[in-house]
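Engineer: The chain contents come next:
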Amino acid sequence: MDKIPILKLGDILLVTIQVDMHDRLAVTLQDDLTARIVKDRAKGVLIDISSLEMVDSFIGRMLGNIAAMSQALGAQTVVVGMRPAVAITIVELGLSMQNVRTALNVERGVEMLQRAVAKSDKGNL
Amino acid sequence: MNLTEPEIMELKKSEDIVRARQRVRTCMVEKGFSLIDQTKMVTAASELARNTVDHGKGGTMSIESLEENGRTGIRLTFLDHGPGIPDIELALKDGYTTGSGLGLGLGGSKRLVNEFLIWSKPNEGTRVTVTKWR
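From first to last, the protein sequence lines stand for chains Z and B.
Sequential numbering of the first sequence, starting at 1, is according to the working numbering.
Sequential numbering of the second sequence, starting at 1001, is according to the working numbering.
Isolated chain Z, as found in the complex (with noise of 0.2 Å):
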């Protein structure tokens, strides 16, 4: 069965969405992500979505679910690259995101989980 790639930078996994996802295909992903994180003591979890053509309320959810999970197993998550034509879309469909951190891009991705990582170890120590 086909798989997403989930690369390893530093303390932050690389998710790049880059197929229409099936539902089965995006319950392993959310899967994969959270054994992952764990394996790779990951801190910081960065999704690129900008390939996807529409988000629907499935992945929506699954979203959600790894934000929810990954914030469980003390990583964060940004979701990065939506489509002004996504963003308009799911808004109408009534999916808040609410839960999900966005950013515009991977840079700005990846600055705001090294923020967050850098907050978070202070606040361990």
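Please note: incorrect hints may appear among the correct ones.
Using C-beta positions, here's what the derived DEER-type ranges look like [claimed, not checked]:
1. B:1008 <-> Z:122: 17 to 27 Å
2. B:1097 <-> Z:32: 20 to 30 Å
3. B:1081 <-> Z:122: 38 to 48 Å
4. B:1119 <-> Z:99: 17 to 27 Å
Here are the simulated DSSO-like cross-link-like pairs (lysine-lysine), alpha carbons at most 27 Å apart as the crow flies [said to hold, decoys possible]:
5. B:1110 <-> B:1057
6. Z:3 <-> B:1012
7. B:1121 <-> Z:3
8. B:1057 <-> B:1031
9. B:1013 <-> B:1121
10. B:1031 <-> B:1093
By construction, these hints were calculated from the structure, which means they are not laboratory data.
Beta carbons are placed, not taken as given, at the ideal position from N, Cα and C, and that holds for glycine.
Given the coordinates of chain Z, work out where chain B should sit on it, guided by the hints.
Structural biologist: For chain B alone, kept in the frame of chain Z given last:
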């Protein structure tokens, strides 16, 4: 007026939902819809196709292109012979769900299209028709 014979696609598995939304995207592009309209219709198609697969126990989606009073439209019809929806009003409310979803499928897709028609009868099935005009 219908321009073409409706094209019918099977909706049984989660891969069929992906194929359905890709087909809808191609039709929307062919008919010259804007990127935002394409995205809205594809998202609505994805929600409704998932309802057909998950709640309707599988069914079909048909695609027709329309021409009426000089406007161009695309119409999608989702049909299943599943358990049906006992209370349509309730099912259209945001946040109402019988499954594990967010409960945005029906109400949400209604907001993304220009015309939305739903028929459902317990133990007979459900038919949802959505139309987007350019």
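Engineer: Work down the list of hints and note, for each, if the structure agrees.
Structural biologist: Consistency of the hints with the structure:
1. B:1008 <-> Z:122: 17 to 27 Å: At 60 Å between Cβs, range violated.
2. B:1097 <-> Z:32: 20 to 30 Å: The hinted range 20 to 30 Å holds for residue 1097 of chain B and residue 32 of chain Z, with Cβ atoms some 26 Å apart.
3. B:1081 <-> Z:122: 38 to 48 Å: violated, 59 Å
4. B:1119 <-> Z:99: 17 to 27 Å: violated, 36 Å
5. B:1110 <-> B:1057: holds, 21 Å
6. Z:3 <-> B:1012: holds, 22 Å
7. B:1121 <-> Z:3: Not satisfied, since the Cα-Cα distance of roughly 39 Å exceeds 27 Å.
8. B:1057 <-> B:1031: violated, 31 Å
9. B:1013 <-> B:1121: Measuring from Cα to Cα gives roughly 23 Å; hence the hint holds.
10. B:1031 <-> B:1093: Judged against 27 Å, a Cα distance of about 32 Å means the pair is violated.
Violated hints for the displayed structure, listed by number in ascending order: 1, 3, 4, 7, 8, 10.
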